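Whenever a hint applies, use it, and build me the whole structure from the sequences.
So the sequences go chain by chain: A and B. Our numbering applies: residue 5 is where the first sequence begins, and numbers increase by one. Our numbering applies: residue 1450 is where the second sequence begins, and numbers increase by one.
What the hints contain is simulated information worked out from the structure, not anything from laboratory work. Just so we're clear, the structure is a prediction, and the values are computed from it rather than from any experiment. Misleading hints may appear alongside valid ones.
What the hints assert, rightly or not - Distance condition first, Cα-Cα at most 16 Å in a straight line; then the derived EDC-like pairs of lysine to aspartate or glutamate:
1. B:K1487 - B:D1535
2. B:K1487 - A:D5
3. A:K61 - B:E1459
4. B:K1519 - B:D1467
5. B:K1519 - B:E1505
6. A:K13 - B:E1493
7. B:K1561 - B:D1467
8. B:K1561 - B:E1459
9. B:K1452 - B:D1471
As the list claims (entries may be wrong) - From chain A, some residues computed to sit far from chain B (all C-beta separations above 10 Å):
10. R67
11. F73
12. P74
13. S84
14. L117
To be verified - Label pairs and their in silico Cβ distance ranges:
15. A:T19 - B:K1561: 36 to 44 Å
16. A:Q45 - B:G1511: 46 to 54 Å
17. B:E1508 - A:K61: 29 to 37 Å
18. A:T105 - B:E1459: 37 to 45 Å
19. B:D1467 - A:P74: 44 to 52 Å
20. B:D1478 - A:D5: 41 to 49 Å
21. A:E66 - B:E1459: 31 to 39 Å
C-beta atoms are modelled at their ideal positions from N, C-alpha and C, and glycine is treated no differently.
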Amino acid sequence: DSGVTQTPKHLITATGQRVTLRCSPRSGDLSVYWYQQSLDQGLQFLIQYYNGEERAKGNILERFSAQQFPDLHSELNLSSLELGDSALYFCASSVDLGAETQYFGPGTRLLVL
Amino acid sequence: AQKVTQAQTEISVVEKEDVTLDCVYETRDTTYYLFWYKQPPSGELVFLIRRNSFDEQNEISGRYSWNFQKSTSSFNFTITASQVVDSAVYFCALIRDNNDMRFGAGTRLTVKP
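Here it is, written out as structure tokens:
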């Protein structure tokens, strides 16, 4: 158990809908990262937040957004969902900025029908 | 640009055999960090090791060992006396200080009893 929690574990929705994925980092960690794992794209970095502020962006679509709240939990919002958004979404956390070790949550498996 | 290549898509061994998973990386930076993660069938990503670019010492942890060679841009992972519980997908990853972690495509290891 990494100490990172993600909810829900599974999510099934329809195209065009909007969903919110939630992540709670390990106790004491200030950085939160979001990743998408799909069969065709592999594991891709989406976005990073540090202590409430966005710090780095990867291959995140404009339909996707995230935020980190004062209690350090984070939410990833996916809107206008398409079939291709079906994937496993991971949240990770680390103590600080920079290349610290990232500890991953169990993931949220999203299926868009 | 930074890139991680895991040329072995799938490896199958019989229990107690030694197995080496290859990882080759590309980066123009002199400071970077390399990681290995394990993804068992349950789906979570488990951290195994973090190594910075200035530390070329090999590391051993139980049955696991890592060989970092900057001259060949490789960070290979060896499992000695493999066990069925080692069956998983193993990912090598590279990160600079910009927090954009790049993962390889992963190597699926199957250990047969």
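We went through each hint and held it up to the structure:
1. B:K1487 - B:D1535: Cα-Cα ~9 Å, so holds.
2. B:K1487 - A:D5: With Cα atoms ~13 Å apart, K1487 (chain B) and D5 (chain A) stay inside 16 Å; holds.
3. A:K61 - B:E1459: Violated - the C-alpha atoms of E1459 (chain B) and K61 (chain A) are around 31 Å apart, more than 16 Å.
4. B:K1519 - B:D1467: 23 Å, violated
5. B:K1519 - B:E1505: Since the Cα atoms of K1519 (chain B) and E1505 (chain B) sit roughly 7 Å apart, the hinted pair holds (cutoff 16 Å).
6. A:K13 - B:E1493: 11 Å, holds
7. B:K1561 - B:D1467: 13 Å, holds
8. B:K1561 - B:E1459: 13 Å, holds
9. B:K1452 - B:D1471: 14 Å, holds
10. R67: Holds: least Cβ distance 20 Å, greater than 10 Å.
11. F73: With a cut-off of 10 Å, F73 (chain A) remains clear of chain B, as the shortest Cβ separation is near 20 Å.
12. P74: About 21 Å separates P74 (chain A) from the closest Cβ of chain B, which puts it past 10 Å; holds.
13. S84: 25 Å, holds
14. L117: 20 Å, holds
15. A:T19 - B:K1561: 36 to 44 Å: 41 Å, holds
16. A:Q45 - B:G1511: 46 to 54 Å: 33 Å, violated
17. B:E1508 - A:K61: 29 to 37 Å: 32 Å, holds
18. A:T105 - B:E1459: 37 to 45 Å: Hint violated: Cβ distance 27 Å, outside 37 to 45 Å.
19. B:D1467 - A:P74: 44 to 52 Å: About 49 Å separates the Cβ atoms of D1467 (chain B) and P74 (chain A), which means 44 to 52 Å holds.
20. B:D1478 - A:D5: 41 to 49 Å: Violated, at about 33 Å.
21. A:E66 - B:E1459: 31 to 39 Å: 35 Å, holds
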